[in-house]
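S.K.: So the chains spell out like this:
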Amino acid sequence: MSKASKPAEENARLDHGVHTDPAALDELTDAASSETTEVGADGAVAGYRASRTLRLGVELRRQLRRRRTQLVLGFVALLPFILVVAFEIGDANPNNRSGGFIDLATASAPNFVVLAMFVSGSFLLPMIVALYFGDTIASESSWSSLKYLLAIPVPRHRLLRQKAITSALLSALTLAVLPVVSLLVGVLWYGAGDAISPTGDSISFGQSVVAILLGTVYIMIQLAWVAGLGLLLSVSTEAPLGAVGGAVLVSILSQILDQITALGDLRDFLPTHFSFAWMDLIATDIDWTEMASGALSAALYATIFGLLAARRFATKDITS
Amino acid sequence: MPRGRSQQTHHNVNAVPRTLELRGRRGRLLTIFLVAAVLATGGAVWLTSGDEPARFHTQDATIDVAAAPGSPERVQLDVTLYLPERTPAPAVLLPHGFGGDKTSVSRDAGELAERGFVVLTYSARGFGHSTGQISLNDPDYEVADAARLVDHLASLPEVLMDSDGDPRVAVTGASYGGALALMLAGTDRRIDAIAPVITYNDLAQALLPNAATRDDVQAGTPSPGAFGDDGVLKRAWAGTLFAAGLGVPSTSGGTGPDAVEPGDEVDNDDVGTGPASAGASAPAASGGARQPPVAAPQSGTCGRFTQAVCAAYTDVATDGRASDRTVELLRRLSPASVTGDITVPTLLVQGENDTLFGLDQADANARQITEAGGTVSTIWYTGGHDGGGPGPQLRGKIADFLSFHLTGEGEDPGTPFTYDVQGALRANGAPSVRSVQAAAYPGLTSGTTERRAIELAGDEQTVVRPPGGTPAAVSGIPGLNRVVAGSSRLSGLFSVDPPGQSAVFASRPAGSQLLLAGASTVRLRVSADGPVPDGGAVLFAKLYDVSPDGSRTLPGSAIAPIRIPDLPADGSPAEITVTLPGVVRPIEAGHSLQLVVGTTDQAYATPTEPAAFNISLVEGSPLSVPVVPGNTVTSGWPVGQLLGIAGTLLAAALVAVVAALRRKRSHRVDPELAETPMVIEGLTKSYPGGLTAVDDLSFRVEPGQVLGLLGPNGAGKTTTLRMLMGLITPTKGEIRVFGYRVTPGAPVLSRIGSFVEGSGFLPHLSGEANLRLYWQATGRPEEKAHFSEALEIAGLGDAVHRRVRTYSQGMRQRLAIAQAMLGLPELLVLDEPTNGLDPPQIHQMREVLRRYAATGRTVVVSSHLLAEVEQTCTHVVVMHRGRLVASGEVHEIVAAGGEATFRVDNPEAAAEALRAVGGVSGVDIEGTLVHADLDGLARSEAVAALVRAGVSVEQAGPRRRLEDAFLQLVGEGGEGSS
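Quick mapping for you: the protein sequence lines, in order, are chains A and B.
Okay, so the first sequence: first residue is 1 according to this note's numbering, each after it adds one.
Okay, so the second sequence: first residue is 1001 according to this note's numbering, each after it adds one.
I should point out that these hints are in silico values taken from the structure, not numbers from a laboratory.
Here the structure is a predicted model, which is why all the values come from computation and not from measurement.
Incorrect hints may have been included.
20 Å max Cα-Cα, derived SDA-like pairs, lysine to any residue [to be verified]:
hint, chain 1, residue 1, chain 2, residue 2
1, A, K316, B, N1631
2, B, K1784, A, R49
3, B, K1784, A, D268
4, B, K1732, B, K1784
5, B, K1784, A, H157
6, B, K1784, A, T37
7, A, K316, B, G1856
8, B, K1397, B, G1689
9, B, K1664, A, R161
10, B, K1664, A, R65
11, B, K1784, A, L25
12, A, K316, B, K1784
13, B, K1397, A, E35
14, A, K316, B, K1732
15, B, K1732, A, L25
16, B, K1784, A, R52
17, B, K1784, B, R1846
18, B, K1732, A, R49
19, B, K1664, A, E27
20, B, K1784, A, A50
21, B, K1784, A, A46
22, A, K316, B, R1662
23, B, K1784, A, R55
24, B, K1664, A, T37
25, B, K1784, A, R161
26, A, K316, B, K1397
27, B, K1664, A, G40
Beyond 10 Å from chain B on every Cβ pair, some chain A residues (computed) [stated by the list, open to error]:
hint, residue
28, D21
29, L25
30, L28
31, V39
32, V45
33, L54
34, V58
35, F87
36, L149
37, L150
38, L184
39, L253
40, A310
The beta-carbon is built from N, C-alpha and C at its ideal position, and this holds for glycine as well.
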């Protein structure tokens, strides 16, 4: 209830000069008396159609004008530059042709992209998705604007769907910004050379760009489980931070459990187990098995979480 | 927030609507069912294998066989019979590898028994608990033993018979066991099919290979060996094998972990274990009660070997060269001696990572068996003595092969040639593997292997063998090469050529990928630089794959030892053809091939006397590289996962469709109420905690009314309004708006403009942007919104362009009311609209609401202030603790009927006086107040009557029943209020 936060004198100062002109009242009543309300068959006012409520463009505008969205996009676009600066300050050898992904980062632009995606894969990328999806309903709850959207009325399933699609678009945009900017930065600094895999295989620039594209698509699909979980938490709480943090926390927990090799095949069921399967694409002959398993795992988790979220939201009493 | 709203917010966190419980439960069941369906479709393919209980049982036994042909002495063989569920069934004889015993094949035996075979495993003589001495598959001893075991199978009722004494039986086994399979098939007509795995054709060539010949190799197969005489002893392997026969745990018998297969997800942790456990150490693990082998080593240096074998080993190990007698013995012990008699269907499985029995051994077997009239299928897989045993897929293929040839069931596997291509290591450290299948092993029945010519460059080079043969080149460690190959860091350490000892010839980088499959050949010219050492020239050739960054990989860690016994002493050159080891290696574009010819190798018996040789390429004879075109077997495609994904998406779509259909049937209209803005009937909202926020509330609002919903905090006003907006589902009863029942998201809600419990704006946007985006969210035409009118009602001036974050509470309130008025809704619902406004603003607000209702629209206002309702509303509904207390027109309720109240000094006297007046009734005393129903009598006359009775009247007026009741309510329920 943020509106209670201002002291009385502050309110009084702000209120100075705020009043309704009597003429305005006349205008309103004139407009109201001259306008007759037409009603459709379903009881709705003429011009209202559920399928036109909260269109994607509107929701995108609502979200894109948020400082949060702008900061995340800005940060992701800035990250490649930070990495370049780090490599410039440090003493990387651009002719290094062997070693791990980090050692190879400065070998060529595709290698630089792979590095950028590798270092952000475990925490930053899940967090971005968790942010967009976890925040989407919970922030409306915290602003008390959710009830007004529902009173329009935007049907609940539609509200959830439009919000999920918007979050997915924003996530995809943000996830795509990283490789695109990294590639540009990489080409400028390290040149459009062949990608070098840690085993010394070289993959031509064109092929590696395709691999990066596919890898980005895979990451988007794989993170669907975070999206589903974020959405479920978002409809379950009124604290946006709780929903975002909860999803990130589960992701971290899953990664911790994934480190415990004693769990053996059980680790296949951890949602993050296949999160780096896209690296299989950086090879001369591509093995799709792990990526398919990752996509299946993500699809299962996302579907279950998504259905639970839809069910919870459809029957929930909105009280914020 | 000045007023406590705590009651509502506390109790509705986990609200479950009770009236909907039936529907809700059904819905929940549906959800659970669908989630289960999703899990079933997806999970079934996700979980690749579940452990099933064994569907076979085993019998241990000891079988006596003759110790030697015609000998009365007996050797006891320790056997285990695996009986499947259904018998009679065809049998499989499953001998074990060198250094192992019957327990080392128990997994394979179990798998075959599950496939429906009767399986007989046994410890060969000299191994495990069997007695006797090791003769290395001598036809008179081990092979004869196996024939006796076939006799035994013929006596079992569980075994399917071809004819009397001839069971339907196949033999499969790895290494030593594989050789037995070949030997038995070559000597016993009763064998119906064999599947030897990673075994040898000629033991002499396997242990004393010579890759050099004077002439070209003639065979058209992909990986023919040179099989030259007088080879170089494979000292490291020979020693390891001999040690295994001494009863010392070794790494040779079993092949350790499985080789990688297409589609395998390999964890790094198992690469580190290396081949270890399956060999001679297995008996120790098989049961604590067992005693150590009965047949103890019989003489110090020979262990459990027969004298003949022991003498042969001593012969070669001492000076690295084999006597004629030894060679003769080894030939007798080799499948090569009987392959000319093998006519049964044969599946040859050979490893690509095998420095003991390379692909050339299988190639020789294939050629010889085909010549004899047998049909041969060949599989090269990623394992071998260095790379691990067959994985589950390959074991399945072997079982398929046996099943077809023993029962005729299943698809005819034909005689294809399949080879696994191990690609580069992937990022996670596991190599990628794909299988390539060709219609047949080329060069067997028709055609020859396609060979590509690759030019090598390099001048004549002089190589030196240092005295003592050290430091020696390192190409790997027998049995451990798998570990080495699995690590890009280690592989660099294990391909060392000491300087000055090797000649290097390199090709140009490949333009496109070249898939090398088999043994390459090259012609070399070798001459002695100085005196020719005793035994001629000994050299070691290897073919490296060199990546563009210069790092070298020795495929399969395989090297080709060369001995030229008759190198001219005068320094004139000898021209030889070197057959390089058979390997499968994709040479990627940009990679080049490098032929290295060295003088030493740590794994071989390198002569110790110093020598020097000049080595050059023979002009006009390039490196000849075999390629076997075929189709990549697509079984590696993750079909299961893709089906799982499709199933999951389908299930999700199904749920969405079902949910949409359920939503369809919820709009019911009551035409009689079409003009009535709001009818509430029996509305109840109770929470699981027992709190009932709204209890059986019923009232009705007509057009043009300004209805006040009056009650103290916690009376249930806001809950009622939330139910009106479809935010909360009622427990019982219903709300109808213009005849339509209110449900969450009901279209009729579009006719309501609402402001309930605080404004809801996006703090980062301006007031105007908020309103515009809100209207855009409704999807209704912009001209219907009446923005300018609404904004002027809010009257925020320039502040409307500032962010809402900077607004005062009153400003937000006004903006929220303006938002509720957007589109000029027919029913305007405002919750405590004047809260937070100053008196002039409150006054204006009342005017706005009255005038708005005057246009024929309806306004519902909630308030906890009586005065507010009295001054704003035409009608009032009083609520307390969720119940309706009173309802009606405001002035009617405020001054009900003809009742009046008098404040007097003497209430008793006054009451008496009033009762005396005709028509007055219901006289009531309350402190200094006297209430009475005057029934038409004017209040002034009543006052006159009181005065006449001597009562002094301080005050007289209409009785304010509402106020009485309300003050009482507020007094007890309003602690939290301001």
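S.K.: Please go over all the hints and tell whether each is borne out by the structure.
M.R.: To see whether the hints hold, each was checked on the structure:
1. K316(A) x N1631(B): 57 Å, violated
2. K1784(B) x R49(A): 14 Å, holds
3. K1784(B) x D268(A): 56 Å, violated
4. K1732(B) x K1784(B): 36 Å, violated
5. K1784(B) x H157(A): Roughly 26 Å separates the two Cα atoms, so the pair is violated.
6. K1784(B) x T37(A): With a Cα-Cα distance of about 10 Å, the restraint between K1784(B) and T37(A) holds, given a limit of 20 Å.
7. K316(A) x G1856(B): Violated. K316(A) to G1856(B) sits at ~35 Å, over the 20 Å cutoff.
8. K1397(B) x G1689(B): 64 Å, violated
9. K1664(B) x R161(A): Holds. K1664(B) to R161(A) sits at ~17 Å (cutoff 20 Å).
10. K1664(B) x R65(A): Distance ~35 Å between K1664(B) and R65(A) Cα, so the pair is violated.
11. K1784(B) x L25(A): Distance of about 18 Å is within 20 Å: holds.
12. K316(A) x K1784(B): Answer violated: K316(A) to K1784(B) is near 31 Å, above 20 Å.
13. K1397(B) x E35(A): 81 Å, violated
14. K316(A) x K1732(B): At roughly 16 Å apart (the allowed maximum being 20 Å), K1732(B) and K316(A) satisfy the hint.
15. K1732(B) x L25(A): 40 Å, violated
16. K1784(B) x R52(A): Between K1784(B) and R52(A) the Cα gap is close to 15 Å, so the pair holds against 20 Å.
17. K1784(B) x R1846(B): 24 Å, violated
18. K1732(B) x R49(A): Violated, at roughly 29 Å.
19. K1664(B) x E27(A): Since the Cα atoms of K1664(B) and E27(A) sit roughly 40 Å apart, the hinted pair is violated (cutoff 20 Å).
20. K1784(B) x A50(A): Measuring from Cα to Cα gives roughly 17 Å; hence the hint holds.
21. K1784(B) x A46(A): 10 Å, holds
22. K316(A) x R1662(B): 17 Å, holds
23. K1784(B) x R55(A): This hinted pair holds, its Cα atoms lying about 18 Å apart.
24. K1664(B) x T37(A): Violated. K1664(B) to T37(A) sits at ~25 Å, over the 20 Å cutoff.
25. K1784(B) x R161(A): 26 Å, violated
26. K316(A) x K1397(B): Given pair K316(A), K1397(B) is violated - Cα atoms ~55 Å apart, limit 20 Å.
27. K1664(B) x G40(A): The hint holds at about 16 Å.
28. D21: It is violated; D21(A) is separated from chain B by about 6 Å at its closest Cβ, not greater than 10 Å.
29. L25: 6 Å, violated
30. L28: For L28(A), whose nearest Cβ neighbour in chain B is about 5 Å away, the distance does not exceed 10 Å, so it is violated.
31. V39: At about 7 Å from chain B, V39(A) fails to clear the 10 Å cut-off, so the statement is violated.
32. V45: Label violated. Min Cβ-Cβ 5 Å, cutoff 10 Å.
33. L54: Since the minimum Cβ distance to chain B is about 5 Å, L54(A) lies within 10 Å and the statement is violated.
34. V58: 5 Å, violated
35. F87: Given a closest Cβ separation of 19 Å, the condition holds.
36. L149: 6 Å, violated
37. L150: 6 Å, violated
38. L184: Its Cβ never comes within 10 Å of chain B, the nearest being 24 Å, so this holds.
39. L253: 20 Å, holds
40. A310: 7 Å, violated
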